[in-house]
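If you read the protein sequences in the order shown, they are chains A and B. Per the UniProt record's numbering, the first sequence starts with residue 1, numbered consecutively. Per the UniProt record's numbering, the second sequence starts with residue 1, numbered consecutively.
A hint or two may mislead.
As the list claims (entries may be wrong) - Straight-line alpha carbon distances no greater than 30 Å define the calculated DSS-like cross-link-like pairs of lysine-lysine that follow:
1) B:Lys282 <-> A:Lys274
2) B:Lys236 <-> A:Lys246
3) A:Lys342 <-> A:Lys367
4) B:Lys174 <-> B:Lys282
5) B:Lys136 <-> A:Lys268
Rather than coming from a laboratory, the hints here were simulated on the basis of the structure.
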Amino acid sequence: MGEFEVHRVRFFGLVPAGVRCLACHPRGARLALARTDGAVEVYNFAANYFQEKVIPGNEARSVESLCWAAGDRLFGAGLGGDITEYDLSRLSAARGVDGGGGPIWSMAANGTGTQLAVGCEDGSVKIFQVVPGGIQFERNLDRRKGRVLCLSWHPSDTHIVAGSIDFFRVIDVASGQTVQRIMVNHHVEKAKRECVVWAIALLSSGTVVSADSFGRVQFWDWEQGTLAESHTVSTSAALSLAVSEKEDSIVVGTSTGATYQLQLLPVKLGGLEKHWVRTKPFQYHSHDVRAVAHSPTALISGGLDAQLVIRPLMEKMQKKSYDAVLRKFTFPHRRLVSCARKARLLLFQFSQHLELWRLGSTEETGKDGEVLPLCQMPEHLVQLKSKGPEHIYSSCVSPCGTWVSYSTASRFQLYRVHCDGDSVSLRKV
Amino acid sequence: MVSPGALRVVRCGGSTLRGARAVFSADSYLLCAAGDFVKVYSVSTEETLRLMGGHADLVTGIQLNPHNHMQLYSSSLDGTIKLWDFMDGIPIKTFTVGSKLLALYTPASAEESVFVVIPKKGERDTFQLVSVKLTKGAGQDLEAKDLSVVLDGVGVSMKHIAFGREGEYVVSVKDVNLQVYFFKRKLLNRFSLSTVKTKGGDNHFSCVVCHPTEDCIATGHADGKIRLWRNFHHRKEYTYSTLHWHHDIVMDLAFSMEGSRLLSGGVESVLVQWHNESSCQKDFLPRLGSPIEYISMSSDGALCCTLHTDNRITIINSNLRFSRSIQGLIKSRDVKTGLVVDPRTKALVLNGEPGHLQFYSLQSDQQLFSLDIVQRQYIHQAGLKQSDLVKVAFSAQGTWLATVEESEEVTDPELQLKLWFYSEETQSFKLNTRINTPHDNHITDMCFRDMDELEDDSLILVTTGRDCVFKVWVMVEDSDPEAQQSVSWSCDFVGSYHNYQATNCCFSEDGSLLAVSFEETVTVWDSLTWDLKCTFCHPPGNIRNICFGRLTCSKYLIGATDYGFLCCWNLLTCALEWSAHLNVVVLQPDPLSEHIAAVSWLSKESSLFVFKPNEPRPIYIQRNLCKEKILLAVFVPRDEPEIISSEKYLWLRRSQLFFLTDTQELMTLSTKSLEERLTPSSKQLAVEGSLPVTPFSLLLGKHRCQQAQEDIDLGKPVVRHKQEQASPAVKELLHTPAHVLPSASFLCTIFINSLLISKENKSAEETADEVEMESEEAESDSDEEDVTEMEQEDTSHMELLGEMTCKLSKSQEKELRKIRKTDYSWISAF
């Protein structure tokens, strides 16, 4: 081994974007993830949860909801009011369609993947048909006041349940009429506060599962409109929930960073009567868990602390293998730093700008592990802002440190760096 | 009756309640295993109603008979299971199993068999759960040898095994392993938690309980977590959720009857109630005083009770409100103060709760009150240095109390001497003087000058310390005009002897002489001039105890040394009168007589010697007093001298001798037989409590109240308190169970006869008669002189339906025995 100088680069102030939503591919092979800056990432489960694709974000486009439909097509919708289909081969957003109901808070695809339902700011739920090459507006369902924060299809595609502030409603898809409207803020002494239904799911048995801002996960019989069970999982809000395919397990994310698993367990061993029991708590996140997903073998959660955590379910694992390991994606799995070795320069990539730094240097030598005093402090040379709403996808600095380049989804830029003494200048090529 | 010659050692309190969970009977009695006994408490009055003895060793488990809720099974280390009728305190059957029984379970599903934990044969420290078939058969003593092993490698505590819903499975926990055995499917599942202590967690199991209606197991852990296990019939897909509030080990858990609530307790002295197995909804009952050891629920769910490590029992309402507490002799960590008798209340005074002084009434086996001496919040935490009370002394009249507290640091103890004055207005002790660091090292002994007749001014307190001095403290007039009190205490004299550590001090009876022992030497000082009068020495060995003789023997000084010598010095001749080779642990003079009791500890048995100082021959010797080591003893003056027939026990006439063993059990010597001793308590166990309140009895009770009211209005005093004075025989017959009484028609005439009006008690009788007619139940036959007593009893026992009032002569009793077997169960139907 040779001798190395190790630089402690503590001046890369990257703030990773939090995870906004997750969408598990129905067949469980891929996971799509959207961050708060609008970037969309695709992970491949089969390849050890490899980060397969990254579509950089766009200032003008936020993603509130993602869903897979019609096979391998990925759709996203956000507060911009557009429904965007992503081109996964060219890693770009393609074909945006205006939802026509203001900002879109939620979107869900039906079981066959042929239709998309979107919930809008104005309280409408709209159905879009997925057609080859795009989507097509089909019809509006019954519109009620209050933004639609979450949506869920019945597995048989006959009903949609839509959660709003203080209530949720069940809509018959065929007729487009609201067939049940259930207030969720009853039986709470702090009823003056509004109760936000942050996440909802409609099970095949007709049970509606809602997660609300009082930290409750409630199970409703929508036909009777009655509350079957209520579990207060947290003192703060329950923000997200996901149901397993077999509908025997639910994962809930809360604003304290804890996720909980609820399981449908028999009251008596071997008996038919079952009830939901909160079983395992997990505390992996430091901030709100905005998105959760339930793959057949793992609980997946993503939080505002930008972590993606995949917690395999031990009881589903046949043997101890690489799959049975807890995974945490705490830092971006992309190259955001490039180094000009000769010129001792570092280029940092941020979503909208680049920073060029000169490393500090020392004249002393020391033993392993010793901290050497710096004779020259690290120096911030230049900050380069990109133009337009698109985020920078990749960047590079040449080894000699005279060329800097970056690219966005549509453009490529090359700059020449002039260093004369203390002053540094950039020239666009 | 035992022949009057025998002197028996009687346990009279403080026996540990920690053998097993308490059991609520169906009719609001609380049954506790207490040492070798089973105690029956009344939930409503907190009284000890009955003491059921018969086991030869520690009782390890008590359970109600699931098929008859008036019967109780108890198991003991002596290898027997006893079936009791706890209403009458009668052992019905004794099953001898043979090996030590460490826990007992009686699930309702198991017919004719119970489950016990026994040590595995051939292996040490391995225990197994076996089912014992209780053979049916005539006779009291039966063999139960039909054992079948259910689970191997179980924990030794009764908290480590629980039976599931309807007895379908049994759960056992040990270390980090949990075993579930399903009886029907004969399936055994084992689960284990990781042994690694991550994040300060410790996964070791501490207790287990099962949900009464659902298949859910709750386990407590050493790190304070509670896990709720479900789906445990799958080896893989089992799951558990966690509740966490306790910061240290969860000592016990209990489910409510429906299973909607879970109670947990630990060293925090806080009872936590979890609702619906949710970690968000929980209620607390804090400040229960001491760590919770066991929790049990009554079968109707209305009450729960916690047993604490200091032998306190707390009864708690279903809405988690403190209801009442049953506290006998509180077990403290270490009785450093010794046994002291409060001259005022004749209560026994010793360490109680940490930092408190408990006043324990010997007569009622109850704590009178607890005086906070240290006045600091006690925090349960391992390794924390606490201040505790080490010495206590009363002045002769009980007006002054001196206490010494010290912190646990060995090298540099923080010492405080406090003097308390008894305030007549508030009826409690009030702090008068606090002296910080009265000595530079541990205080070894302390005594007041015991002079009954003298004024308060001559009161002198002497303390001896390891800093090689003894100090004399006197009261002085307080010069500070702003001070609230007129007197305070200050040091008057400091004495020392050749720089030896002072170990004991003692005043002579008249107060003129003070004896202070300095290691090997006893010094005698004049208490007026503080001159050293003489010294005594009996090498080798340090002086362990000294005391002066009393009354006719006041010229003698007794000392016990480490090397096993008991010496008696004559103060007039300053010479050794006699000495005996005896390893004396406790030397205790009787304040009311010349007798001195010495307890020796030799080859693992305690022996008692009672002697007079003027003769070297002991007047009484009892070898092998008890198997535990006796640490402390005290003579408690009797209220009135007891009539003792035997010459041998005359020394017990004026005072009673009490011992405290190393397990903090209080014992005494009694000349009375067991029956005599028990009568006052057992006669209180009445049937009234056992009868459910029916609308009819309520109606009758109401009517009775009205009647009593009328009586008062008419100025006819109804004397009620006399019933307590009724002879025990009458009482016993009053409370004779219905099924052993003859038919009502037979007794009716006798009873009516007994109610015949006598002139001097006319008014009372009228009332009695009236009510009698209504109930037509109570019957009695009494001797003529008992008539008045009986009537008053009748008036106050009206709600006792089905109760017979009778006092029978011997011939009538014989008759009764003949017809006892007839069925009178119809009476209880009322």
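We went through each hint and held it up to the structure:
no.: 1; hint: B:Lys282 <-> A:Lys274; verdict: holds, 24 Å
no.: 2; hint: B:Lys236 <-> A:Lys246; verdict: holds, 17 Å
no.: 3; hint: A:Lys342 <-> A:Lys367; verdict: holds, 24 Å
no.: 4; hint: B:Lys174 <-> B:Lys282; verdict: holds, 28 Å
no.: 5; hint: B:Lys136 <-> A:Lys268; verdict: violated, 34 Å
Consistency with the previously given hints fails for number 5 only.
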